[in-house]
Amino acid sequence: AQSVTQPDIHITVSEGASLELRCNYSYGATPYLFWYVQSPGQGLQLLLKYFSGDTLVQGIKGFEAEFKRSQSSFNLRKPSVHWSDAAEYFCAVGAASGGSYIPTFGRGTSLIVHP
Amino acid sequence: KAGVTQTPRYLIKTRGQQVTLSCSPISGHRSVSWYQQTPGQGLQFLFEYFSETQRNKGNFPGRFSGRQFSNSRSEMNVSTLELGDSALYLCASIDPRGSAEAFFGQGTRLTVV
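In order, the protein sequences belong to chains A and B.
Just so you know, this note's numbering puts the end of the first sequence at 115, numbered straight through with nothing missing.
Just so you know, this note's numbering puts the end of the second sequence at 1113, numbered straight through with nothing missing.
Please note that the accuracy of each hint is not assured.
[What the hints assert, rightly or not] So the derived list for chain A, only partly shown, Cβ under 8 Å to chain B, looks like this: (1) Gly43; (2) Leu46; (3) Lys49; (4) Phe90; (5) Tyr101; (6) Ile102; (7) Phe105.
Just so you know, the hints here were simulated from the structure itself, not pulled from any lab data.
Glycine included, every Cβ here is placed at the ideal spot set by N, Cα and C.
With the rest of the complex left out, here is chain A (with noise of 0.2 Å):
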């Protein structure tokens, strides 16, 4: 069965600073890889997502993931973080299950953003 880990359950970075948020899978197979945000009290956004080709992808809000598959990463990445980034961010990985494909994410991981 397919897995997911977040190792940080909470990040805090400064306004402006880099921000990198660790993923790793366990997968058999080449997974579907997901970065999803979520606001306080909302649903989740996609925020980016790998299926295959170029293993660095780009996202909405600024935001980029690499796909490593030697290491079953795919970490998220922003070179400068704003206020309004502060959320929960959960990595997915979507892998098939009779007949669909059903994500299983990660714990999540809570980004707070310092002024």
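With chain A's structure known, arrange chain B on it following the hints.
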């Protein structure tokens, strides 16, 4: 294109009662998944429905059930509510092109007292 709509947004129920939550997926999406989100457990998969059939099921007790209608709208039901059922319940409709991309509703916040 309208997004995923979940109703109601908030619910307060008493232990022992039952509750029904509703989810209308994006038009054209036939797969609907439900997740329970709690601070301690994160996002846990409940079940997935496709064309009115439950296709996948997570590790939850039988008190949690669901169904899907011919228009792809889905409901989930929780019977004999427990305090631990307090959570944000999220519905997602899945991209029918097989990419596993999930489009989420805003969720229903259930509080059991």
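Verification of the supplied hints:
1. Hint status for Gly43 (chain A): holds, given a least beta-carbon distance of 4 Å to chain B, under 8 Å.
2. Because the smallest distance between the Cβ of Leu46 (chain A) and any Cβ of chain B comes to about 6 Å, under 8 Å, the interface hint for this residue holds.
3. Interface hint at Lys49 (chain A): satisfied, since its Cβ lies 6 Å from the closest Cβ of chain B, which is below the 8 Å cut-off.
4. Look at Phe90 (chain A): its Cβ gets to within about 7 Å of chain B, closer than 8 Å, so that hint holds up.
5. The criterion of a C-beta within 8 Å of any C-beta in chain B is met by Tyr101 (chain A), whose closest approach is roughly 3 Å, and the hint holds.
6. With 8 Å as the threshold, the beta carbon of Ile102 (chain A) comes within range of chain B, its nearest partner Cβ sitting at about 6 Å, so the hint holds.
7. For Phe105 (chain A), the interface hint holds, since its Cβ comes within 8 Å of a Cβ in chain B; the closest pair sits about 4 Å apart.
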